[in-house]
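J.: If you want the building blocks of each chain, they are given just below.
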Amino acid sequence: MALAEDKNDILNKIKSANSINDLEKIRIHYLGKKGLIPEALKGLGNLSIEEKKSKGQELNITKKLIEETVKFQKINIENEEIEQKLKSESIDVTLPPNMNEQGKIHPISQTIFSIIEIFGNLNYIVETGPDIETDFHNFTALNIPEHHPAREMQDTFYVDGEDNNILRTHTSPVQVRTMLNTKPPIKIIVPGRTYRSDSDATHAPMFHQVEGLVVNESSNMVDLKSTLVTFLEEFFEVKNLQYRFRPSYFPFTEPSAEMDVAYTKVNNKIKIGEGDSWLEILGCGMVNPIVLENCNIDSNKYQGFAFGMGIERLSMLKYGISDLRSFFDPNYRWLDHYGFSILDSQTRSGL
Amino acid sequence: MKFTLDWLKDHLETSMDLKTITDTLTNIGLEIESVQDKSEDFKNFTVAKVIKAEKHPNADKLKVCKVKTIDGEYQVVCGAPNAKTGMLGIFAPENSYIPGTDLHLKKTKIRGVESCGMLVSEREMGISDEHDGIIEVKDSFKVGDQFSKIFKLDEPIIEINLTPNRSDCLSVRGIARDLAAAGVGKLKELKLKKIKETFKSPMKWNKEFKDNKLCPGVAGRFFKNVKNIESPKWLQKRLIAIGLRPISALVDITNYVTFDLGRPLHVYDADKVSGNLTMRLAKNNEECIALNEENYKCDEDMIVISDDEKSLHGIGGVMGGLNSGCSMDTKNVFLEVALFDPISVTKTGRKLNLQSDARYRFERGIDTESIYWGVDVASQMIIELCGGEASEYVSSEIHIEQKEAISFDTNMIKTFGGIEIDIKEQIKILKSLGFAVKELKSNLEIKTPTFRPDIVGEADIVEEIIRIYGFDKIPLKNINYEDDKKEILNNSIKTFHKIKRIIASKGYNEIVTWSFMDKNKAKIISNELIGLKNPISSDLNTMRPSTIPNLLAAINQNKARMYSSAKIFEVGPNFSKILPNLQENVATSISYGLIDESNWLSNKKNSDVYSIKADLFSILASLYVPTENLLYEKINGQIYHPGKSSSLRLGKNKIANFGEIHPILLKNLDITFKVFGFEIYIENISQFQEKKSSSKGAFVNNPYQMVERDFAFLFPSEVQANEIINLVKKIDKNLIQKVTIFDVYEGDKLPDNKKSIAFRVLMQPLDKTFSDQEIDYLSNQIINKISNSFEASIRN
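Chains A and B, in that order, give the protein sequences.
Residue 198 in the working numbering sits at position 198 of the first sequence; the count goes up by one each step and never skips.
Residue 1291 in the working numbering sits at position 291 of the second sequence; the count goes up by one each step and never skips.
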C-alpha cells in the first residue's frame, strides 16, 4: 500500500490538531502499529533492491518528519492548555507580605563598632576591665589622691562592703591594669560602661566611654594631636575638620588638653566640622610620669599619651540624637528609629 | 571664676579687644565659660528730656510730663518729686523690662491720663535702693545717650571654667598674669603703700599644733576706731557683677581681696572676742555657729579659731563665726590672714558639707607669701574705706616649707611636646609666669613661684611653656604606624560585640539598660547581691544579678505604644558577690507575643519555649558552639519556669539558659502573659572564636544513595527527645547522618504515662550502596536499642 497523501498535507493535519486526543488519533493513523507508514514499509518487501532503497529512504524521512511534528504540536497544545488555565488564576498581589524583620543594633554599640574599626586600622588593640573597681585603680594610681579636688569633679558610686570598692567613674582604671600587666609598647583602646552619681537631663548615672593609651619610647604631643584629628575626621566623615586643641587639666596627664570641634546648627540639625561654635568632645594628654611610676613603668625610658571620650556624646553628634536619657529608655519606637541594620557597618569599602 | 573687663584692666595694661582677650584665655587653658554683656539688657534705656512737667488734673502728687526721647515725644505720668521741666532723666519705653521691679512696662492710664513709658529711679533699674526720685543725669549728656554707658554697666562679665589645678587663677590678678605671659599686655605692679602702724596690737595670733603643716601660720593686724559703712559704688558694682551681695565695707573688703588676689581673709569684731585668738584642732563635738547661722559640731581633725574664753570664732579655712562677725556698729577689728593644709580644709568642708569661697581656694592651695602681703593689702583697704588706725603686723610662728628647685631639660619640649621652642623663648615664658630661672650648662634650674602649688615636675614645666607658646602650634603629622599588627579583639571581646549582630539577625532589637536595679526585685533572683552605698534612687540601689528584669521592665513601658509583642536583647554585665571580678558578661534576650507580624498571612503563633530555643541554637551555631554536644541540666531558681526551661553546659562550662520566664517573677513586674528568654555566657563561648585557617577541607562528594527510615515508638512520658536522638546516633556514628523527630503525641488515645515519638533516620553508606540486609541490620539495631533502653515499644 502506498502513502497517497502529500507530505505537507499530513503535516498541516498534525499542526491543526488542537487537543491531545485528536493529535493521538492522527499519530496512530500514521505511525501506529497498523498505521500507514508501517504498512507502507511492509509493502516494500516486494520491490527491487534499488526501489526498496529509494522508497524506504523516502518513507523513513516522512516518518521522522511526522514524529517531530507530532512532538512539537504536543508541546504547543500543552502550553495552550496552561495558558488557558492561567487566565483564571489571578491573585491580589498588592496584599502586604509577612516580613521577617531583623532586629536593630543600638546606636551605642554602633558607635563602639565604628570606634573599634577606626582605631583597629591604626593598630590599636581593644582591652576591657571590670565595672566594679578598687579605689587604687580608679583614683590613686591615676594621681588622684583621696582629698584631691579632682575627686569632686567625679561623683562616685560606692559599693556596699568593707573593700571600699566603687563603680568605675571612667575607663581609665583599665590603663592602670594594662600597664601593671604588660610591658611597653602599649597601644590600646578601652570602650565600656562608666558610672557617676549624677542624674538630670544631661547626665545619666551610667554612660559609656572609650579610653586610649599609647606608651612607648617616643610618642609625644604631635602623635597625640595627629591621632585624634585623624580619628575625628574618620569618625565624623569630614575632611579638614575645624577644631581647637587647648590646654586643660587631668591629674593623670601632664600636659593635658581638651579638644573642641566646630559645628553649625542648621534647622536644628548639627553639622560637625565647620562653623563658629565649639563643642567639647574629648580630654587627653601626655601620660603623667607619676602615673607611669605608679604602674611600675620607668618614666625615664617610656612616655606616651592617653585620651578619653564619651560614647553617647559622639553618638549624639554623629547621629543627631538630642536626648542623652533616651539611650537608656527602652522605647521600641526610638530603637527602631535610631537603631542600625546589622549590615550597616562603617568600613572604607562600604561592604 | 567671674570678673569684669575693667577689673581685669586694674591688673593688666592692654589695648587688645575683648575677643582677643577671651580667645587667648581659652587658648592658654583658662577656658571661657561665658561672656555676658549687660549693655544688651539695658539697650532700651536712654536719656530723655522733660519738655514740660505739669500737675496731674486728678492727683496732687502726680505730674504729667511731656518727654522728648530719641524716638519722639511721649506723655508720661510720674510721681517723683524731682520731676521738673528741663531736666534730663532716663526713659524706659513701653514694653521694656524693668529689672528692679521685674515687670514688663505696658501703656496704661493713670487716674484718667494716658502714660506711655516711664522715667525710672535707680531702684527700678536695679542699681541701688534709691527710690526717692527719678534718675537725673548731667546736662553734658544728650537725648538718646545709653543708660548703661553713663552708669558704666556695659562692662562685659567674663566667666572662666577653671580647672582645679589653677588655684592661682582664682584671682583676677592671676588671670592677668597668664594673659600678660601670653602677650596680651603687661602685668601692672601691685602698689602697696606703707601702712602707718600707730599702736601695739592688744590681741595676738597664736597657734597650737603638733604638726605645723596643718596651719603653717596666721597673721593680721588690729584696727581701732574704724567706721563700717556701705561700700563705695565701684566696689559694690564689681561684687554684684560676679554674683556676690554687698554687705558692708569690712565684709566686702574680705570678699574683694579673695577674688582680686585669691587671698581669703577674715575680719573679727574685736570687741566680741575675749583675749587673743588661737588656731588649734577642735575637741570632739565642740560647737561653732558659722556666719551662715548654722551650728556645726566639730571633731578632732578640724582646725578652729578659739578665743581665751574657749569660744569658737570660726572653722579654719572654711567659714568665720557668727558671734564675732563685723556689723555696721563694729569699731575695732582684728584681721586674720592664715595658711592651712589643703587636705585638712577639704576633709573639714566635706565632713560638714559646707562650701565657701575661702574653702574653695584653701583646698586648691594659695600663695604662701600672702601671709605677708595679704595683711598689707587688707590693711590698706580697711584704712582707706573705714578710716581708723592700724596696729603693727602680728603673727604666730610661721613655718613655710620651701619647695625644691626643678631641674629641667629643655630638650623635653621636643621629646615630650614634639615641637622646637628656642631656649631663650622657654626662659622668657617661664619668667613671665613668675618662675625664677637659672640657666645651667645642660639644663635650667627653675624655682616655682609660691602661688603655683600645682607645679611639681618637669612635665608640668613642659605644659607651662607649651600652653603659653600655643597648643595650636603643635604640628600634625601623618600617622602611618608600622608597629606589629596584632589581633584587634581577643576572643572574649570579639564575642561580646559580634553576638549583638547575630542576635539582631534573629529579629531581636538591642536595648541598653542600667547596670543597677531595685533591690526588692533583685532579691527574688539572687542572694549574692552587690548593693550601692549611695544609689541615685531607691529603685536603682543594687547591681543587677540578671539582665532579665530590666528587659521585662520594657514590656509594660511599651504597652501604651501598642506593642503587645516584641523580641529584645541586651549584652552586658551581670553582678554577683561570688563571681571573679564580681561580674560576668551575658547576652540576654526575651521574646513575647506573636512571632510574626499580626496580619492576614501570619500563622498567629505565639513565642514559646521551642521558638526561643530555635533562636538560641541558631545563635550559638553562628558562634561555632558545637550545639550537638550541649548537655541539658535543670535550672533551679526564680528566673525560669522549673519545668519549662533548661541550662546548657559543655563540660563544666555553663553555656546558656533558656525557657519560659517564672510566673512569680512576671507577677512581681505586673506582666500578665507568658514571656520567654535566654541567656548566653559570653566568656564561656569565646573559646570557639579561635581563628582557624580560612582554607577549608576538601569537599567529598559521596555518590552513594542515602536511605531514610521512619520509626515510631511508645515511650514512657519521662523519656526525653535528646536521649533518644543521642542513642540512635551512637549506634553508628559513620552511617547515621541525621535523626529528625517528626511527630510527638501525648493524649487520650494513648495509655497513661506514655507518649508517642516518631523519628526519621537518614543513613549514608560510605563506600558502596547499601544492600537490603545492611539496611535491615541497622534498622533492627535501632529498634532493639530503643526498645531495650527506654522500655519503649515500636508502633505499627
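If you are wondering where the hints come from, they were derived from the structure by calculation, not from laboratory data.
Misleading hints may appear alongside valid ones.
Claimed, not checked - Which residues of chain B face chain A? A few of them, derived with a C-beta cut under 7 Å, are:
1) Ser-1779
2) Asn-1780
3) Gln-1781
Said to hold, decoys possible - Okay, the calculated bits of chain B under chain A, using three or more residues with CB under 8 Å as the criterion:
4) 1242 to 1251
5) 1267 to 1280
6) 1341 to 1348
7) 1551 to 1557
Ideal Cβ placement from N, Cα and C applies to all residues, glycine included.
J.: Name the hints, by number, that the structure is in violation of.
T.: 1, 2, 3, 4, 5
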